[in-house]
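Protein chains in written order, with my numbering: chain R, 1 to 163; chain Z, 1 to 163; chain Y, 1 to 163; chain C, 1 to 163; chain G, 1 to 163; chain B, 1 to 163; chain A, 1 to 163; chain W, 1 to 163; chain D, 1 to 163; chain P, 1 to 163.
Simulated from the structure, these hints should not be mistaken for laboratory data.
The structure displayed is predicted, hence computed values, not measured ones.
Mixed in with the good hints there might be a few duds.
Residues of chain C clear of chain Y, computed beta-carbon distances all greater than 12 Å [to be verified]:
#: 1; residue: R69
#: 2; residue: S77
#: 3; residue: K145
Examples of chain C residues lying across from chain Y (beta carbon under 8 Å, computed) [claimed, not checked]:
#: 4; residue: S12
#: 5; residue: Y14
#: 6; residue: V73
#: 7; residue: P74
#: 8; residue: L75
#: 9; residue: A76
#: 10; residue: D99
#: 11; residue: F106
#: 12; residue: G108
#: 13; residue: L110
#: 14; residue: Y112
#: 15; residue: G113
#: 16; residue: M129
Straight-line C-alpha distance at most 20 Å; calculated SDA-like pairs for lysine to any residue [said to hold, decoys possible]:
#: 17; chain 1: R; residue 1: K141; chain 2: P; residue 2: K162
#: 18; chain 1: Y; residue 1: K58; chain 2: Z; residue 2: P13
#: 19; chain 1: C; residue 1: K141; chain 2: Y; residue 2: K145
#: 20; chain 1: Y; residue 1: K145; chain 2: C; residue 2: A161
Every residue gets a Cβ at the ideal spot worked out from N, C-alpha and C, and that includes glycine.
Number of protein chains: 10
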Amino acid sequence: MSQLASVPSNNSPYSDLPPIITKLFEAKARKGLSFEKLAQAIGKDEIWVAAAFYGQAKLGPEDIEALARALDVPLASIQNELGSHWWPNRGLGSVPPTDPVIYRLFEGVLVYGHAIKAVIHEKFGDGIMSMIDCKINVTKKPDPKGDRVILTFDGKFLPYAKW
Amino acid sequence: MSQLASVPSNNSPYSDLPPIITKLFEAKARKGLSFEKLAQAIGKDEIWVAAAFYGQAKLGPEDIEALARALDVPLASIQNELGSHWWPNRGLGSVPPTDPVIYRLFEGVLVYGHAIKAVIHEKFGDGIMSMIDCKINVTKKPDPKGDRVILTFDGKFLPYAKW
Amino acid sequence: MSQLASVPSNNSPYSDLPPIITKLFEAKARKGLSFEKLAQAIGKDEIWVAAAFYGQAKLGPEDIEALARALDVPLASIQNELGSHWWPNRGLGSVPPTDPVIYRLFEGVLVYGHAIKAVIHEKFGDGIMSMIDCKINVTKKPDPKGDRVILTFDGKFLPYAKW
Amino acid sequence: MSQLASVPSNNSPYSDLPPIITKLFEAKARKGLSFEKLAQAIGKDEIWVAAAFYGQAKLGPEDIEALARALDVPLASIQNELGSHWWPNRGLGSVPPTDPVIYRLFEGVLVYGHAIKAVIHEKFGDGIMSMIDCKINVTKKPDPKGDRVILTFDGKFLPYAKW
Amino acid sequence: MSQLASVPSNNSPYSDLPPIITKLFEAKARKGLSFEKLAQAIGKDEIWVAAAFYGQAKLGPEDIEALARALDVPLASIQNELGSHWWPNRGLGSVPPTDPVIYRLFEGVLVYGHAIKAVIHEKFGDGIMSMIDCKINVTKKPDPKGDRVILTFDGKFLPYAKW
Amino acid sequence: MSQLASVPSNNSPYSDLPPIITKLFEAKARKGLSFEKLAQAIGKDEIWVAAAFYGQAKLGPEDIEALARALDVPLASIQNELGSHWWPNRGLGSVPPTDPVIYRLFEGVLVYGHAIKAVIHEKFGDGIMSMIDCKINVTKKPDPKGDRVILTFDGKFLPYAKW
Amino acid sequence: MSQLASVPSNNSPYSDLPPIITKLFEAKARKGLSFEKLAQAIGKDEIWVAAAFYGQAKLGPEDIEALARALDVPLASIQNELGSHWWPNRGLGSVPPTDPVIYRLFEGVLVYGHAIKAVIHEKFGDGIMSMIDCKINVTKKPDPKGDRVILTFDGKFLPYAKW
Amino acid sequence: MSQLASVPSNNSPYSDLPPIITKLFEAKARKGLSFEKLAQAIGKDEIWVAAAFYGQAKLGPEDIEALARALDVPLASIQNELGSHWWPNRGLGSVPPTDPVIYRLFEGVLVYGHAIKAVIHEKFGDGIMSMIDCKINVTKKPDPKGDRVILTFDGKFLPYAKW
Amino acid sequence: MSQLASVPSNNSPYSDLPPIITKLFEAKARKGLSFEKLAQAIGKDEIWVAAAFYGQAKLGPEDIEALARALDVPLASIQNELGSHWWPNRGLGSVPPTDPVIYRLFEGVLVYGHAIKAVIHEKFGDGIMSMIDCKINVTKKPDPKGDRVILTFDGKFLPYAKW
Amino acid sequence: MSQLASVPSNNSPYSDLPPIITKLFEAKARKGLSFEKLAQAIGKDEIWVAAAFYGQAKLGPEDIEALARALDVPLASIQNELGSHWWPNRGLGSVPPTDPVIYRLFEGVLVYGHAIKAVIHEKFGDGIMSMIDCKINVTKKPDPKGDRVILTFDGKFLPYAKW
């Protein structure tokens, strides 16, 4: 693990994020912490913590304190940039995405989006799966033919208002 | 259940699909079958069957026979349009999607895509979750505060080649 | 009021909607009914009824019956196209919109979107105003300097999940 | 409240705004003032003040003075950048917007735009709701099932010229 | 002048307009009437009449009657399609425009838009020139070095609301 | 008038223009000169001068001298950046424009472009109104119901070559 | 040469052109005439005639007569569709073009556009090469290493107005 | 000619080119050399030299030496940036172009592209005019009615492979 | 193999191709011929034949005769639509492509395009690999870990002209 | 070979890559190494090494060590930026590409993509050629009529899941 890991602050997506973000990524790299371990340290799920690292979730005061402790980053430097006055400006990266990992998720929407919509309507009625009250996680399922990624979205169903 | 349900063949997304598709949707509606029941009848998962209805999956000869039986649609009419000579031209609908159900999935990619990518890399290394060798399902989790949609992608991890 | 009002089924936005839609618009025009009067007749709000006419809301069985009665349109013809098997494929028209009435709403998002977001966060915290559990109405406020349009969105606040 | 709140001047949307803007946001954060309180201090509505903070409204000389006083920011520094020679270059952020709060407003245009247009025409005739002579506000309506955001546009109706 | 002038109803922009429109254009061609003469016949300006022919203005009941008379087109056929129930869906053609005549106007916006904005602000203050309460005309100014087109927009200035 | 007016050189549209441009705007603001007065001082029309300030017209050697004199800016600093070796790279701002002043001009093209084209053809034949040999001006027409902006394009008609 | 050559009227670019266009192409094919021979028959240049076939130039009354004669097509059928009431709606095909022949021209603009602009300015001053008063031709230059296409644009220089 | 001509390195298209490029343009301006004279000095055509200045052609070692001599620029400074290790990343400016000079060329492709394609096919068969083995030049043809720009592309015909 | 295989002529990409194309696909399907066998029958490579089926290559007179024979399709019906008067309008499908098979090729350009360009320049100098004089083939390489697709482009190197 | 070769870090595509990347390109240029020789030095293929130089592949610890040795670049400087904490954000350059070398590959997808898809399906069934488990190479085939580029993609076939 490099003692001097640096993260390219002029590269996408970091250039669109507050400067403290690259400092947090560098501290995480120097500590050799995965999002999983970091998440355990601050009592949250790893995908949510990673989302916060990409400026896509709002850290609460205790989250900021726990993060400063876990990464040995001065508390004030995080508070100054990501404190109570900061709100996420969500949505990151180009549309459509070009990175193959993210593109595959987008391809899932293109290929299976209508099927998912149809089944949600049949099971729940007219409405949507919330992406606001939604919890996401990624787990690894070992498989002799090749390990599998299990990606789950657990979102509240919201029925359409009629008035 | 209307005995004469019709599906608008000139509307998106039906207008981009083989003509037999609207016939299949109409037969399904007139029979009052959900994708879940139809899937049980032909021994497949409901999301996969719905994907096939939207021209996003290739039915095998037995799938076609089972479908014709379950829907009382002449076997030849399906074979003629979706038989062995037909291959899905995948990817359906506008980019970005405007329907709120499908847009929420797209928003999930915009907001959580980088976080999912980061965690996949940390758990699996450099590579992607396949959207080809991938199984998707939707289940309903009852919840007194509002039922929840559980959407799962179960895809093989593919490591990047080095050569 | 023309006894033979016709609606251009090959024009946007009608060409993207089920064929019954132009029939409903023609019946409404021939009856000389405004959305306000039609809405009273079927016990709903006028914006919601107009949204349903543009294929953006799902009519329930009683809504369809009330509509057929109010417009003297055969019940079955509406049920066949917009019955329980039909689900709205929401999102209508070009992006950005070119019609000045609709463009002004879009301009409101461009010019005041960030201000509205900032005030919502300050009053409610991290989250959004739902456009699913949302009721919209338009009223006329007489004013000697020129009447005013009062357009109101009444949407549930949804806090972001943390997990 | 952090004594050293900083705002990322290289991030969207701040990077598209005059440099004084981030100073104003930082002063507001350090004072712990909401737009509501700040608006009371300078005798304007909170949405209009927030719009001015995002470079979307033109402050008059007295507005600038009141703002300098309320925020303890040197008067000249605001006058130099946002004085009488400065005119808003309106329209902020990407199209379509990716942030979910702002996207929901945009979705409102996509889904309900045609319905709003139809009802405006029926109530007022051929013309538009002005987005120039328009006042916008956001209020909180407590509701045991979840508080609601009431967002109102109060715009003058402008009839189309015929000549 | 051909007695059988036809207008390509499947071509842009006619394909985006109500079917009666091509009939009106054909009648006008067969009568050998310019927009100028037609406008005199119905007591309006030629640009406004041309705009109505392209579905960009709303004809009143008397306009429709005058038009039917001037073109020997059955009154009912215009009323049925463009009567009181019809509202213009404004905005025609591709963006950016490709036709050189229209592109030059667009180029005028690209090249001189900021200059026009700056001078409007200096002469009128913060606000816009209305394109709703706006009258447009085209006249020919003979010039030995080549005749000149004089295109004038006469629009009401609308000051921005402050609230 | 601020003695220290500054213009945001990193903001659109200034960031796309030579650095001297913001100096010229600042000098103009500090002198308290409108484009109208500045234009009189250098013997040109105000729209043309404003266009030159936005990098959309080429100043001749005498124009540069007159400008340096009128604004008390060192002659060489203008010559170095906008001298005989500099040619305008015309076309400024996003497409479509988002600022409401400029958007209204663009809306004029969308709504009235086909009508203007049709009338030009009828009055002049097959050809275009030049946007190169074109003079533009803006005047204020007082009106008790609200002052009006008179915007005029005076462009040479160019007939299409046949060969 | 097939006696029954047909041209796909539902294919781009024919589907965007008046129906008579495909008839003219078919007549030309059945006669076995190249644009060169056809151009000689009607006394015009082949590129101009080809442009007219693609709806990009306006045929005069004598051009229409000569064309009808040369192709044995009824005069009235051309007059009805392309007569004095018809004006070209110029600009054909997708942007950027995908056909390799047309793309190469577009690539020429991308790669050499700035160089051509710079040399035009140096030789002529501030202005443009007209694409309205412009004659284009294509000739074949035999070359043992492979024949060469000589494509020439001969356009009037138009100096920018100053006012 | 200014002794201190500067070129805006932060403006399009210079900001997308190696830093030495603006130095070369400045040296050329200070020497008062046109591309024509510079081209003579280094034994190449002016359009090719201009293309190289815009980073669209690869200078050989002797070209670099001749250029350094003609412009009194240190040889090493050109070699370091544009030497044998540098390859053009071709294609410059926005699509579609907004500058009127370059737009006219693009308009030529839109309006005459299909005609040029048709004539190339008739004269040469199935294939393209190469934009790689292509020589371009611009000459001035004096004309009492206004000088004309003669722009010529001389490109090798490449027949399509069949295999 | 269905005796009545049909191909959806209103679906992309068939709807953009001459009508005879769907007849050829149907004949091929009914005969149960792969492109490999069909290619052998007419003495060409399978990818080239498939390209011709998608309207992307020009069949010669003998190719048309051989095809008519191999598929038992009337010779004249092919000649009438794809005879000597027909030229491919190349480029098929949406950009970027959404079908995963075609998207992967596009992804190859996005991810490896710069690397391929760099190596071509190092091995060949300044120039390109021709996509006109280029032969493409696809072969199957059996592999116990999963068969592999070998896709090869064999294109002539074309050096850039200098003049 | 220049001893001071520099690479324009503010130019596309370098500006989108970690800063160390331009240092690596400069070191390679100063050493006079081709990708072929560099690849031999570190025991990988040249296209893969070039992809890594463009930030499109992930170097392992030994790759980084071999690279540092081959280029005499301090090991830590590569590890700090491209070490185990760095993951490629794949996809480089504009869409569609404008550089002719890369555009030709894109053109190959546009013109031959459907043909390649059809032949893959016929030889392998429903599935794709992986662009993740894919090896690419470029070789030179001498030919008296002009050397040829042989570009090969060797990718694993992945059958679509059915579930």
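Structure-based check of each hint:
no. : hint               : verdict
1   : R69                : 21 Å, holds
2   : S77                : 22 Å, holds
3   : K145               : 8 Å, violated
4   : S12                : 10 Å, violated
5   : Y14                : 10 Å, violated
6   : V73                : 18 Å, violated
7   : P74                : 24 Å, violated
8   : L75                : 23 Å, violated
9   : A76                : 26 Å, violated
10  : D99                : 7 Å, holds
11  : F106               : 5 Å, holds
12  : G108               : 5 Å, holds
13  : L110               : 4 Å, holds
14  : Y112               : 6 Å, holds
15  : G113               : 4 Å, holds
16  : M129               : 4 Å, holds
17  : K141/R with K162/P : 19 Å, holds
18  : K58/Y with P13/Z   : 18 Å, holds
19  : K141/C with K145/Y : 31 Å, violated
20  : K145/Y with A161/C : 17 Å, holds
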